[in-house]
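Asks: Chains as they are written, first to last, in my numbering: chain R, 1 to 300; chain G, 301 to 1111; chain Z, 1112 to 1309.
Any given hint could turn out to be false.
Pairs of lysine-lysine, DSSO-like flavour, derived with a Cα cap of 30 Å [said to hold, decoys possible]:
| hint | chain 1 | residue 1 | chain 2 | residue 2 |
| --- | --- | --- | --- | --- |
| 1 | G | K694 | Z | K1258 |
| 2 | G | K666 | Z | K1263 |
| 3 | G | K474 | R | K203 |
| 4 | G | K1043 | R | K232 |
| 5 | Z | K1258 | G | K637 |
| 6 | G | K884 | G | K338 |
| 7 | G | K474 | G | K338 |
| 8 | G | K637 | G | K964 |
| 9 | R | K155 | Z | K1237 |
| 10 | G | K694 | Z | K1237 |
Ranges of calculated distance between the beta carbons of each label pair, as one might list FRET restraints [said to hold, decoys possible]:
| hint | chain 1 | residue 1 | chain 2 | residue 2 | range |
| --- | --- | --- | --- | --- | --- |
| 11 | G | N854 | R | K232 | 43 to 51 Å |
| 12 | G | E608 | Z | G1265 | 19 to 27 Å |
| 13 | Z | R1151 | G | P471 | 52 to 60 Å |
| 14 | Z | G1265 | G | K637 | 17 to 25 Å |
| 15 | G | K806 | Z | S1264 | 38 to 46 Å |
| 16 | R | T81 | G | T1104 | 24 to 32 Å |
| 17 | R | I192 | G | L949 | 50 to 58 Å |
None of these hints come from the bench; they were simulated from the model. Every value quoted in this text rests on a predicted model; they were computed, and no experiment measured them. The beta carbon of each residue, even a glycine, is placed where N, CA and C say it ideally should be.
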Amino acid sequence: MADYTSLDIVQRSASTDQPPTVRSKTEVAKLIDVSRCIGCKACQVACQEWNDIRDTVGENTGVYDNPHDLSAKTWTLMRFTEYEQTGGELEFLIRKDGCMHCTDPGCLKACPSPGAIVQYANGIVDFVEENCIGCGYCIKGCPFNIPRISQEDRKAYKCTLCSDRVAVGQAPACAKACPTGAIMFGTKEAMIEQADHRVVDLKSRGFDHAGLYNPLGVGGTHVMYVLHHADKPEIYANLPNNPHISPLVNFWKGGFKIVGLASLAFAAIGGFLHYITAGPDEVPKSEEQEAAHDAEGYTK
Amino acid sequence: MTNHWADIKHADVIVVMGGNSAEAHPCGFKWVIEAKVKNNAKLVVIDPRFTRTASVADIYCPIRPGTDIAFLNAVTKYLLDHDKLQHEYVNAYTNCGFIVKEGFGFQDGLFTGYDEEKRDYDKATWEYEIGPDGYAVVDPTLQHPRCVMQLLKQHVAQYTPELVERICGSPKEKFLQICELIATTSVPDRTMSSLYALGWTHHSKGSQNIRAMTIVQMLLGNIGMLGGGMNALRGHSNIQGLTDLGLMSNLLPGYMTLPQEREVTLADYMSTKRFKPLRPGQTSYWQNYGKFFVSFQKAFYGKAATKENDWAYDYLPKLDVLAYDVLRAFEMAQDGKISGYVIQGFNPLMSFPNRAKMTEAFSKMKFIVVMDPLQTETARFWQDHGEYNAVDPKAIQTEVFELPTTCFAEDEGSLSNSSRWLQWHWAAQEAPAEARSDIDIMASLHLRIKALYEKEGGAFPDPILNVNWPYEIEDAPRPDELAREINGYTLADIKDASGAVIPAGKQVDGFAQLTDDGTTACGCWVYSGCFTEKGNQMARRDNTDPGDRGIAPNWAWAWPSNRRILYNRASCDPQGKPWAERKKLMEWNGSRWVGFDVPDYGPTVAPDKNVGPFIMNPEGVARLFVRGLMRDGPFPAHYEPFESPQANLTAPKIRGNPASRIFKRDLAQLGEPKDYPYAATSYRLTEHFHFWTKHARVNAILQPEFFVEISEQLAAEKGVSRGDWVRVWSPRGSIKAKAVVTKRIKPLMCDGKAVHVVGIPHHFGFTGSTKPGFGPNSLTPVVGDANIETPEFKAWLVNLERTTPPAVPVA
Amino acid sequence: MTMQMSRRTLMKGIGAGVAVSSLGSLGFAALEPAMAASVRAYKLAQTRETRNTCPYCSVACGVIMYSLGDKSKNARASVLHIEGDPDHPVNRGTLCPKGAGLLDFVHSETRTKYPMHRAPGSTEMKRVSWDFALDRIARLLKDDRDKNFIAKSGDVTVNRWVSTGFLGASATTNETAYLTYKVVRSMGAVTFDNQARV
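Same shape as in the complex, but just chain R:
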């Protein structure tokens, strides 16, 4: 009875409407087993091929990472880290970066444009480019620094978890391609079970801190990692240790956004929000804490 291909929308940016709840839902997840990854970048190719995107041909900057960062035309990429353990043993840590499809998506909360970001019943967080206004708040709202605005059409892009494939019962292109099964796809439940087996195997091979990365700060994710060093996610090219949505976004999401929209003073509010979210560096710590305090008070 569970339909994980469901595209019923459960959350929609800048909207108050209630989604249908009658149909049962099953969440899907992609499990990225870093310990099985050989960094071949087949996932990068499969993603570009399936989604008909081709980034520019860049240059070598002295590392294997190419392209060097996510972009409107690079929705996933391998990040390589040469990590030396205290004993001197070298590890080549390779992490596939891309949208984590958070259960509590910061991008969606931050988005001021109605219906530009949606979350389906199966857990996929999708951008609806037609509704995107290119403001970039999704970037600020994302604790993983994933969405990118296209210079061509000024719209935000990121991994869709191949919602078009999942909708017809297929795995995302990257998961299908992955030669070593480092990317698995299935129900979230099955992926957690798979991760458990892998963690046992890794522990038997001496990785005492092997574990699953499914951070609760964002309500868990629909893209999870098996890490050999789950106690130190940051060594995998700065995977956040305890990701959470900026308090500012929660403040905005908590109701202020609705007021703003209704008043049609949208542009002005937008400007205000741009000011408060355009880079944490610009916001003094004290102000941020104050806002967080306010936000907390507001939502209570």
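With chain R fixed as given, assemble chains G and Z onto it according to the hints.
Replies: Here is chains G and Z on its own, set in the frame of chain R:
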């Protein structure tokens, strides 16, 4: 591969040495991961660089390029010293007890019979002692001082862990850890799979690198076993097929050989082919050579090949040298002795060693013809591309043709993979613009040349005029017509082994039905069975896998005889029982060999007949000592690369492999460590395939620009930061590249001295979507393996400095 | 880049956003149209499938090629997507970065399309007809063979032609290789090799 891709999942230990399978064969490598996850296998990677294969290894050990034999002979010594052999297997299935002729020896790095002038051996003593009964003499107690086992022990005695450390730079404790792990597979129910590729072949002693591991695998009883074997991971999609079909200077299809000048008549030729058994009752399958040869000549020359004219033996060219391999060919071309080259799907300007020599050679030719679906550098060797191809077109008088061909997406036919599977494929679109298939182009050329000979006459036109051309559309033979001819068919009514008549004009079932009286035709005997009266066996798509052995016997078709694991008789003990239930592949059921695979053996030959499992060998057993069959020795010995940072510690006077051929000009261009202190090695990157994917935009995005890899220590010494431009040079050329500074390459401590390794990837050039760059062949020496002339691309010397970016190429 | 967007651009963007979506946001959006717009149509729904083998390395992964056109007379097929064949016993649907990018090889901008000819000493390649190319090559081959063919070495018949070399491809089919062998060897050529070593 003796085994096949999915079989790797059964391995308990996997050693990747002389290859980088995760990067070069990711989808085959999945079976390594499967073995780790499902079979609790341990993965060992031994490589000068910490590769992406190493990133998922249980043990990684560094090694200096070109020192694999020292390492592997030391593993052999470890197994012998610690008595970690599968004794019953070794005693029954190898030549360990065979007595070698008096006078055989090894001293100062040389085997008996060396001729320094000729760089060759007189191999008279590299043979078994033959008894009065005409058979090789064997001492089953293995005590005779000249038995193979004793000679092997003696040969590897000097290869201690300490010597490994001094030669290879591999830490002793890592080496011993690996030996212990490898030794665990000496028990009957554990196997090790050896995965290798060009990392072993691209050396002046490439064949012996492989031999060294083969000896280890035989001592452990891992050949013919599920999850075992020597697994050559071939580079290209059909290079197995082209080799099987004999597209080499000295081969006929199916590993038969082209005649040498001394083989004046067919009788002379045949006298050295039908190997007489060296032990009583052995199969020695090459005794059937005549059937394969005559059937081939009938397929090729049809009615013109008759018993009276020795099956048109004189239509075949005879060689005056071992082979006109490419190193020899371009040496001749440099002297203006080659008029032209017809190049099909190949980019020799970037692929053969010493690019400057290649450019000079091509410039001296009258014409070249390049048939390719992509715009190659070779077809543009005469174009000025600034620093990337600095030539003056006006000074080059070579006429060049570039003929557009179809690619896989537009053609139909079969490819033979590393597992020896022949898989049929179909076209999905029409050829772009005016591109034509290689078949049509070759057929058209043949017909036009034939027409010229018919009109004008000329040098010995007979084979051209009489070649068998039974194709419905003469200038466009169909793939299925050719496949049928390769399989073979009857020309007259014949009787099969059971006495049943097979009428004329039928496809044969396999090579067992071939005859030597001209009643059958067969293009390539090892492929016989691929297209029978039952239809195209290569197009089969039933992936059912009985017993979860990974064999899927009804998927496509494997040569020989749809056999998936070679020497599989050795998976059972001499009595015909599997060595272990979990490694069960087949067994003797009292009247037949039955199991998951097609037996590599007479299907009804009972175990008590004592027929050895290695039926192609006249001994019936595998060879730890390979007699005179290899040019550079019956046992592998450590030789340094021709350019090495270290003298040969086992024989200081010997440079390189003493039996390797090297031409004078190339010898004069070898560098010395005082001028070129760094050990260079070349390799593939997972993002690219050869020189092809730089033409595919998406792959160009993944790895857009040529680079070299160096350690942090060398970078610090040279003042190089990550992403800087560096110049790398050898006596043969100079290139510029971005520097990837990495912890994955470390200086190796060899005999007390730090050796820096410079890694140079293959893949970049001056055509395609990637940024312009160079190939390692601008720097590599022209010297090949002593047996098959594979160039020494994996170990040579360079120097390196920080530099400025190359000049922008001329548009 | 994103953050360098000027305030003015942002205002404009938001203005446009309001124009198309403010009604929706005020009037409590219709969920159904939003869903329809959000998911790309599955692009392979009606394409034609052809089984093939990856032409790169020797794993020989099975691939499925999806092409435009149903093979009807008036449709010209063109491959629009390539994916691993899940039935294949070795790759089981997976592909590596090379195989997954095969589409860009098939449609590469630097594919050869027409016979080209470069005259001695010329600085350019010119498009020629197939007949011109094949006739000229046949002539060059025959002339060299007639000039340099070695029929005898002493008394021994050797019938070999050394002076023109042939290199076989590494990704052509066995059938192509066999025919190539036939054409090359029947001329007595011995300077013949393939890509097995490099």
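Asks: Would you mind marking each hint as holding or not holding in the structure?
Replies: Right, here's what the structure says about each hint:
1. Distance hint between K694 of chain G and K1258 of chain Z is fulfilled; the C-alpha atoms sit about 27 Å from each other, no more than 30 Å.
2. For a cut-off of 30 Å, the pair hint linking K666 of chain G to K1263 of chain Z stands: about 25 Å separates their Cα positions.
3. Annotation: proposed proximity of K474 of chain G to K203 of chain R holds, straight-line Cα distance about 22 Å (limit 30 Å).
4. For a cut-off of 30 Å, the pair hint linking K1043 of chain G to K232 of chain R stands: about 20 Å separates their Cα positions.
5. Distance check on the hinted pair: K1258 of chain Z and K637 of chain G sit about 12 Å apart at the alpha-carbon level, within 30 Å; holds.
6. Proposed proximity of K884 of chain G and K338 of chain G is supported: the alpha carbons are some 18 Å apart, at most 30 Å.
7. Between K474 of chain G and K338 of chain G the CA atoms are separated by roughly 25 Å; this keeps the pair inside 30 Å, and the hint holds.
8. Between K637 of chain G and K964 of chain G the CA atoms are separated by roughly 17 Å; this keeps the pair inside 30 Å, and the hint holds.
9. In summary, the hint linking K155 of chain R to K1237 of chain Z is not supported, as the alpha carbons are separated by about 45 Å, beyond the 30 Å threshold.
10. Distance hint between K694 of chain G and K1237 of chain Z is fulfilled; the C-alpha atoms sit about 16 Å from each other, no more than 30 Å.
11. The beta-carbon spacing between N854 of chain G and K232 of chain R, approximately 49 Å, falls within the hinted interval of 43 to 51 Å.
12. E608 of chain G and G1265 of chain Z have their C-beta atoms about 25 Å apart, which keeps the hinted 19 to 27 Å range intact.
13. The given range of 52 to 60 Å is respected by R1151 of chain Z and P471 of chain G, whose C-beta atoms sit roughly 53 Å from each other.
14. Distance hint for G1265 of chain Z and K637 of chain G: a CB-CB separation of about 21 Å, consistent with the stated range 17 to 25 Å.
15. Hint check: K806 of chain G to S1264 of chain Z, Cβ distance near 41 Å, so the stated range 38 to 46 Å holds.
16. Range check, T81 of chain R to T1104 of chain G: about 30 Å between beta-carbon atoms, so the 24 to 32 Å window is met.
17. For I192 of chain R paired with L949 of chain G, a C-beta distance near 55 Å keeps the hint of 50 to 58 Å intact.
Consistency with the previously given hints fails for number 9 only.
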